[in-house]
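*Asks:* Letter by letter, the chains look like this.
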Amino acid sequence: MSQEISILLLVDIDAAIDDNSLESNVYMIDNLRTEGSINECSGNLVTAVNGTHWQDGTQAGEIIINWLISTISCLPPALPRNYHSHRSKMIENNTLHNIHHLHSKQDIETVEDIKSRYQSIMEEKGHSAHVIDARGEATNTGLVVMDVYGDPYHPGESKQSDLSHQQPVITNITGEAVDLGVIFPVQLGTPVVLKDGWYWCATADSGKTGTYKYTIHITLFKLKYANGIASWEPVKMTWDSQLKVTSEPKRNGFTKGAMSFLPFK
Amino acid sequence: MKNRTISIIVIVDVVGALASGSLKDNIYFIDNNRKRGSEKEGTGELKTKVEMGDHLIWNILPLEPEAFSQLVDIVIDPEYVEKRILTFKDSDITGWVGEVRKSPDILPYQLVLKLGNEHQEFITPDSAFIIGG
Chain A
4 MSQEISILLL
14 VDIDAAIDDN
24 SLESNVYMID
34 NLRTEGSINE
44 CSGNLVTAVN
54 GTHWQDGTQA
64 GEIIINWLIS
74 TISCLPPALP
84 RNYHSHRSKM
94 IENNTLHNIH
104 HLHSKQDIET
114 VEDIKSRYQS
124 IMEEKGHSAH
134 VIDARGEATN
144 TGLVVMDVYG
154 DPYHPGESKQ
164 SDLSHQQPVI
174 TNITGEAVDL
184 GVIFPVQLGT
194 PVVLKDGWYW
204 CATADSGKTG
214 TYKYTIHITL
224 FKLKYANGIA
234 SWEPVKMTWD
244 SQLKVTSEPK
254 RNGFTKGAMS
264 FLPFK
Chain B
971 MKNRTISIIV
981 IVDVVGALAS
991 GSLKDNIYFI
1001 DNNRKRGSEK
1011 EGTGELKTKV
1021 EMGDHLIWNI
1031 LPLEPEAFSQ
1041 LVDIVIDPEY
1051 VEKRILTFKD
1061 SDITGWVGEV
1071 RKSPDILPYQ
1081 LVLKLGNEHQ
1091 EFITPDSAFI
1101 IGG
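Protein chains in written order, with the numbering used here: chain A, 4 to 268; chain B, 971 to 1103.
Everything labelled a hint here was simulated from the structure, so no lab data went into it.
The beta carbon of each residue, even a glycine, is placed where N, CA and C say it ideally should be.
Misleading hints may appear alongside valid ones.
Okay, the calculated beta carbon distance ranges per label pair [unchecked claim]:
#, chain 1, residue 1, chain 2, residue 2, range
1, B, Val1045, A, Ser107, 28 to 36 Å
2, A, Leu99, B, Glu1015, 46 to 54 Å
3, B, Lys1072, A, Gly213, 49 to 57 Å
4, A, Ser107, B, Lys1005, 28 to 36 Å
5, B, Lys1072, A, Tyr228, 47 to 55 Å
6, A, Asn96, B, Lys1084, 33 to 41 Å
Bound-form chain A, shown alone (with noise of 0.2 Å):
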């Protein structure tokens, strides 16, 4: 049988990055718990690999199968691609705009009002994250820190678990299968919304029968503040994973017989 598997990974990342560790707190599905996959959505997920081949042994199916990761507290993934983005200049504008508009209020009569409005509006703006790269260095991203109902996350004000945590990221699969060369992963571009623009994914040699560990490397995001600078600092991780690769005769899936025409008259 040909198989497209998807594999969803969510991350409660900040218990994770409190454990310093993702054991208890990562959950991983997939769709094909009525085809043999076993413990779905927690840590310990067994996917089935159910492979095909032809009378002299090669491989008759092809296998795919993606991986996908998220958060759970996050803004809602039916939101557009672009919503943080949009949503960040709007609120850039709307400060612009009170900004501008500053020396029309009403309640506004000493210099030192104007100074405690704008100060004020300044901090209902909240902070643009920056990312931390390789060299240690943090840039600008322009995306607002928000909370996980789209408004300016407020350190202090807001409790953690209003974050709207940046999205972990998968950076490679490495391990027995992948030694092994039971599956052969890639990073894919993709339109979908919730793979953010990337995947990984991989194709499956269902000619090697048996059950086989590998490796998924995942990048979190800690937000850090520091001398009024908001940035997202990355956590690496990994988490173990199995694949359990079968392999039976290919059969007509509607006479259950060997292939051959469809019984049709």
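Based on the hints, put chain B in the right spot on chain A.
*Replies:* Below, chain B alone, put in the same frame as chain A:
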């Protein structure tokens, strides 16, 4: 001071639900509150631990990203949780949020979902809970 927000992700196997005609075994709940007492994470029987004043926000995540899924209602006792639709600013996307008005011992609730190209309506088995204490 804002109250604490607990995010609840609802993963739906849309194809599984459409094939079997039921959400049973095709829905999984996870929240970000395990460390503060939520139980049965990653199952259809999640027990989310809450305190009075907490906010809850539900997000639907289809297992197949291309499949249509929408949360259209939450059936929950308003004496304990006041639900409302939230429209995300600068968008026309809506979500469901709830405010815990009274901490229950244990309170079951159900989600009403529309799934698939024909927007078929499903209701979750009466098995996800809010717990207090």
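*Asks:* Could you run down the list of hints and mark each one as holding or not?
*Replies:* Checked hints:
| no. | hint | in the structure |
| --- | --- | --- |
| 1 | B:Val1045 with A:Ser107: 28 to 36 Å | violated, 48 Å |
| 2 | A:Leu99 with B:Glu1015: 46 to 54 Å | holds, 49 Å |
| 3 | B:Lys1072 with A:Gly213: 49 to 57 Å | holds, 54 Å |
| 4 | A:Ser107 with B:Lys1005: 28 to 36 Å | violated, 49 Å |
| 5 | B:Lys1072 with A:Tyr228: 47 to 55 Å | violated, 35 Å |
| 6 | A:Asn96 with B:Lys1084: 33 to 41 Å | holds, 34 Å |
In terms of the numbered hints stated before, the structure departs from hints 1, 4, 5, listed from lowest to highest.
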